[in-house]
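Participant: Chains as they are written, first to last, in the working numbering: chain E, 1 to 243; chain X, 1 to 243; chain W, 1 to 243; chain F, 1 to 261; chain Z, 1 to 261; chain U, 1 to 261.
Keep in mind that a hint or two might mislead.
Label-pair distances were calculated between CB atoms; the ranges are [as the list claims (entries may be wrong)]: (1) X/Asp239 <-> F/Glu129: 58 to 66 Å; (2) W/Arg120 <-> X/Glu116: 33 to 41 Å; (3) X/Arg156 <-> W/Arg120: 42 to 50 Å; (4) U/Thr67 <-> X/Glu116: 51 to 59 Å; (5) Z/Met79 <-> U/Ala7: 53 to 61 Å; (6) U/Glu250 <-> W/Arg236: 29 to 37 Å; (7) E/Met60 <-> Z/Lys246: 51 to 59 Å; (8) W/Asp169 <-> Z/Pro165: 36 to 44 Å.
What the hints contain is simulated information worked out from the structure, not anything from laboratory work.
Here the structure is a predicted model, which is why all the values come from computation and not from measurement.
All residues carry an ideal CB built from backbone N, CA and C; glycine is no exception.
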Amino acid sequence: MMGGYGDVKLLKDDGSRLDGRKVDEMRPVSIQAGVLPAADGSAMVTHGLNVAVAAVYGPMEAHPRKIQRQDRAVIDVRYNMAPFSTSDRIRPGFNRRSREISKVTAESLESVVLVERYPRSKIRVEIEILAAEAGTRCAGITAASVALADAGIPMRDMIVGVASGKIEDTVVLDLDKAEDNYGQADLPVGILPNTGEIAFLQMDGDLSPEEYELAMEYNFKAANEIHEIMVEALQRRYDGGEA
Amino acid sequence: MMGGYGDVKLLKDDGSRLDGRKVDEMRPVSIQAGVLPAADGSAMVTHGLNVAVAAVYGPMEAHPRKIQRQDRAVIDVRYNMAPFSTSDRIRPGFNRRSREISKVTAESLESVVLVERYPRSKIRVEIEILAAEAGTRCAGITAASVALADAGIPMRDMIVGVASGKIEDTVVLDLDKAEDNYGQADLPVGILPNTGEIAFLQMDGDLSPEEYELAMEYNFKAANEIHEIMVEALQRRYDGGEA
Amino acid sequence: MMGGYGDVKLLKDDGSRLDGRKVDEMRPVSIQAGVLPAADGSAMVTHGLNVAVAAVYGPMEAHPRKIQRQDRAVIDVRYNMAPFSTSDRIRPGFNRRSREISKVTAESLESVVLVERYPRSKIRVEIEILAAEAGTRCAGITAASVALADAGIPMRDMIVGVASGKIEDTVVLDLDKAEDNYGQADLPVGILPNTGEIAFLQMDGDLSPEEYELAMEYNFKAANEIHEIMVEALQRRYDGGEA
Amino acid sequence: MVELVPALLRQELNRLAEEGTRIDGREQWEARDVSLETDCLYNAEGSAKVVMGGTIVYAGVKFELRTPWPDRPTQGSLMCGAELRPVAGRKYEPGPPSPESIELGRVVDRGIRESGCIDMESLCIVPGEKVWGVMIDIHVLSDQGNIFDACGLAAIAALRTAVVPAERFDVGEDHTLQVNGTPIMASFTRVGGRFVLDANEHEELGGDERIHITLGDEGHLHSLQKGLKGVFTPAEFAEIFDVAQKRCVELRKMVAKTEGN
Amino acid sequence: MVELVPALLRQELNRLAEEGTRIDGREQWEARDVSLETDCLYNAEGSAKVVMGGTIVYAGVKFELRTPWPDRPTQGSLMCGAELRPVAGRKYEPGPPSPESIELGRVVDRGIRESGCIDMESLCIVPGEKVWGVMIDIHVLSDQGNIFDACGLAAIAALRTAVVPAERFDVGEDHTLQVNGTPIMASFTRVGGRFVLDANEHEELGGDERIHITLGDEGHLHSLQKGLKGVFTPAEFAEIFDVAQKRCVELRKMVAKTEGN
Amino acid sequence: MVELVPALLRQELNRLAEEGTRIDGREQWEARDVSLETDCLYNAEGSAKVVMGGTIVYAGVKFELRTPWPDRPTQGSLMCGAELRPVAGRKYEPGPPSPESIELGRVVDRGIRESGCIDMESLCIVPGEKVWGVMIDIHVLSDQGNIFDACGLAAIAALRTAVVPAERFDVGEDHTLQVNGTPIMASFTRVGGRFVLDANEHEELGGDERIHITLGDEGHLHSLQKGLKGVFTPAEFAEIFDVAQKRCVELRKMVAKTEGN
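In isolation and in its complexed conformation, chain E is listed as follows (with noise of 0.2 Å):
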């Protein structure tokens, strides 16, 4: 959240956004899954211009020893952006932004996730944003519980990232680039959509205790229509043997 830029308007007159959406309107979201010949389980996202995909290996025997744990597999995450995925190039190597979100969600999936039924064995689910429009992290989440679905890995409920925020003092869901960059607050969550639990929480920002329940309403709806595609896309992947 950069704030302080007051002139850029993202409202219109008529309150909807500068893209046409309203205010509690997710951007348009779509998903493949098993989309990788060469890995256990994938998916892809595309959400609004986001482009994530994942790829899940395993589970496999843990390596080196000492990362073993000896009641539950270990999720070893990699949430990394493409150099050309985003409109300055990103120099390949250490990210400490990488870093921080490849651990938020690895520690999130392992909330999901039946780590006990793989002692001293781990899963590898690598992100990878294609292409990059704000709300990746949430892309990756979701794009990763399809992929580990696809891989056939046990899950006690999917985890859905989605966002809301607030621009111009108004609580939105699902901020895009601009909205991102000019806006007031990002609250990135991932809602497990059978339980209504929260596995993930981010947020950076400035919102009132009153704004934060607004924007955790909008991100609950999200959940549910961006479950239903997730839903979707693997009941293509088993009937259509896509891929």
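Use these hints to put chains X, W, F, Z and U onto chain E, whose structure you have.
Facilitator: Chains X, W, F, Z and U alone, transformed into the frame defined by chain E:
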């Protein structure tokens, strides 16, 4: 030693130094043992404006295997300057000066710790410089000695870190920052107060053989003074149950 | 190959090259085996103004375990240019060009060393370029071959490193620095002198199929010449007990 | 490394939770003793030492002159980093920044940055040419639980007492850094199935996920972060959010008091 | 890691080679299906997706403004890099660039650079002051064999469809990047003792050395590379060189067709 | 790695020390044969090769144009680094600079720098704009003991024969680098309980601490360093200091002789 800054006057007309000390007078030193609850042993040394903290962990199993020694413990020392410890901020990370000081400090401590009592194990010594005003490696050695004693690690003697140097062709004890920057030589040593042996030795600048002798004489005198303060700190720790 | 520097003349009117060589003439080559007392085998190759030194250590146990091969030795090659080996100093450390040359050189040497005789072991080959004047990878391959022989490692043939190229639309043998900088193509290969097979191949620039044929013809001719010098160096080593 | 969390510690923490108490006798929303000291480091332009139970953290502020980014010619910059060096505890290992230290630094950074307490325009010296870069470095010396709150407190306290060293850089007179607000972090850990405030090292070892909440002077949220394995419900969040409000008011008073000294 | 190549796979590949066939039924010089899509990535100024059998590769082109090197004041620069990230297959591990990824990037880079298809002078904006730096990044998402050819094809296709984002950098109007030629790579792997075109993942696992040949529009060689353990004879090279010529013509047509769309 | 120092070697070294001899028959203060060659590397502006027993070391000097530091506008810079690459011996491993190589480079660097033999002002070309950066790189090719002295000798010999490549950089005519003095290092290793001069590889393997002494032309100390585990008495130091004085005079003559050639 930068040398060559002949126009900076470091000695007053009465032969005393800019901060009023005599040539063979050291800066005030205070020591506290047991300052870090998480460590097995610890100490904080304030030497002039220098602040050095040392933490000791172990003896513990040496990992990875290839660093193990069959007949003794290895001592793993990290000397590190906090980013805010100097006038210009230091970037965290790799640093050739710190690596060298860590190496020779570790070798000095291995010379007094009864390492043969703990085969295949490791003793970690972490030296953190919080404020630097010339003489941090010596303050760090002193702090490490006290922290090892606080951790109950058996030693055949303590090591006291002291330094003398040369300013305006005069040998003086314990250079402060200005004296270090504009002086002609620095001779930091680590002295075993009971045996009079030397476990740590570095020197740079320009010293005639006679000047070296005098500088060493000052160093031995100072080592005895600091040794008393070290012993008092450890007594306070065990009596009063500090920290 | 920089190409495009059409205004630099590399051939004289009589068809000879700037240093007087004919188009199919190579620079002077001299080789000495057994130059490094610490190594199990070693060689120094002077090829024109290039100086390449190779050291061989092993066969030794392969560490860490995960690089071991059950049925053969691995050959671990490092090609490195000394900081002072080039006109502009090279910073020590990671270098993409060196990594690539090390990889393909190692693969070439694995093609001739009887690696199956040493299961689970490692042979270290260190190639150090002390002076570079175009053609260092070839001089390094030649030096490595002699060093392996000097170490007594059994091989089914030697590899001779040679290169031809193209300048002013003319195929020439063994480019020197100016010819490499301003020429049109370079074709460095590693030839097995006894079998006539090729174990190392790189090329860049622009060569028609016919030019490629001629360049290869030159390379085979040069390989035989250098091979004789290699054999002589090894004979001197065993006869005279050099080094 | 074999699993470090002994099952027995978890059992004990569950039992204590059922009895409504904690391993060190505290109540669910009770914090450990806190002490805060500022201006404690020679060479740092602002500094603070925080002791929370057995956790000890230092923060130091340094300034540097920078050329502003071309698209923001009148804005300085703020950077906050945390080092989790091996000094902090037996479990910490040397090496490149761990994911834990990156998360810690970035969560503290976001809390301060997003509160808007530093007006980047106020760091401008000559537009397009010279601005201040403000760097807060946090150093954890002893980790006995809840280093996030200790680091957040040390960072804002060091920042609020920092003096801009303009004289040393030849760009005017030294002056206090202008800081408009006191963002404070409150962290909660799930222990024995329920959340507690200010977990100690045993509770962290035998506990589950953490939630970090940074609140501004008006009680607005400026940063949220969930860490570690585990999920929570909106109702649970509502409960800890109320506790966070009270906790932040208390710690903010402590900062104000230190400044008054 | 124990030896991954099962002796049995080698035996089977030898047997198939004697019968004149391949593990997936192809003939010696028969390639798998290829599909090429361009302009497929938001934010990349040129992009391409190549699918070769089960191998999937993306390439993206980005531009940046640079100061030219003092000794070449009128020349821009071209850089091509490949990442072999763990997404690409079970065998890939995280970490610094592997020798394999460095070789891949450099071989693709040389094929494009040495063909002269980019005139570095055409990347000059203001001599001595401002030139374009063109960066092609290749991203392997799924490796089921012959990633070199897939990467080479994606790189040149992305480059040939790239639009110079002059407006965004305030140096004129957007325009198509000028590319004079379509260098194409053809790679051969020794499988069962003989070379085959476009090896799949099983053939690579049980095969030996590779030869990579990049040819320009006129059939000239622009880059050669031998990789992995093994040797070959000049006669073998002559045979695969003829196959490479045909293969490159075919793939070059595919690039031209994509551009026509 | 299990302990490499065989107890038997130590025993033997102790026995030899009692008999007043050394493993290769030398006396306590007797050095091995030394040879020094300069101007031996194309492309280096100064170079030297030192052979000390089975130890072989090269040093090369390179120059670059630099902008001086703002607070020292008339001073150039000197940097000396040593690489201990795996070529040097079986025990050396690839990887980032080891503590051993850092210590080696820094001790050699200090000896030269602190002797004042390079007047940094003499490296100034245009005050505040252009100064020379002088870089000495040391490369150990074969370590059979006492690389410190070999590196120190190679470094100063390369420096004293270096030619400033002013023409290549377009800043005047090539000229000999001005070097005012010949600092020389002498190193001692505790073997069999007593110190010896110029230890070989067996003595280092079965020995203890080392003391490195760098002396200037007038016999003043410019650098001291103790390395490895062990302690020494002031009386021991006094004894080796006398030996160091003689050793340094001898090696300094060798440098002068090489220059004369």
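Participant: Now, for every hint given, state plainly whether the structure supports it.
Facilitator: Hint by hint, here is what the structure shows:
{"no.": "1", "hint": "X/Asp239 <-> F/Glu129: 58 to 66 Å", "in the structure": "holds (60 Å)"}
{"no.": "2", "hint": "W/Arg120 <-> X/Glu116: 33 to 41 Å", "in the structure": "holds (34 Å)"}
{"no.": "3", "hint": "X/Arg156 <-> W/Arg120: 42 to 50 Å", "in the structure": "holds (44 Å)"}
{"no.": "4", "hint": "U/Thr67 <-> X/Glu116: 51 to 59 Å", "in the structure": "holds (54 Å)"}
{"no.": "5", "hint": "Z/Met79 <-> U/Ala7: 53 to 61 Å", "in the structure": "holds (56 Å)"}
{"no.": "6", "hint": "U/Glu250 <-> W/Arg236: 29 to 37 Å", "in the structure": "holds (33 Å)"}
{"no.": "7", "hint": "E/Met60 <-> Z/Lys246: 51 to 59 Å", "in the structure": "violated (41 Å)"}
{"no.": "8", "hint": "W/Asp169 <-> Z/Pro165: 36 to 44 Å", "in the structure": "holds (38 Å)"}
Going down the numbered hints, you'll see the structure goes against just number 7.
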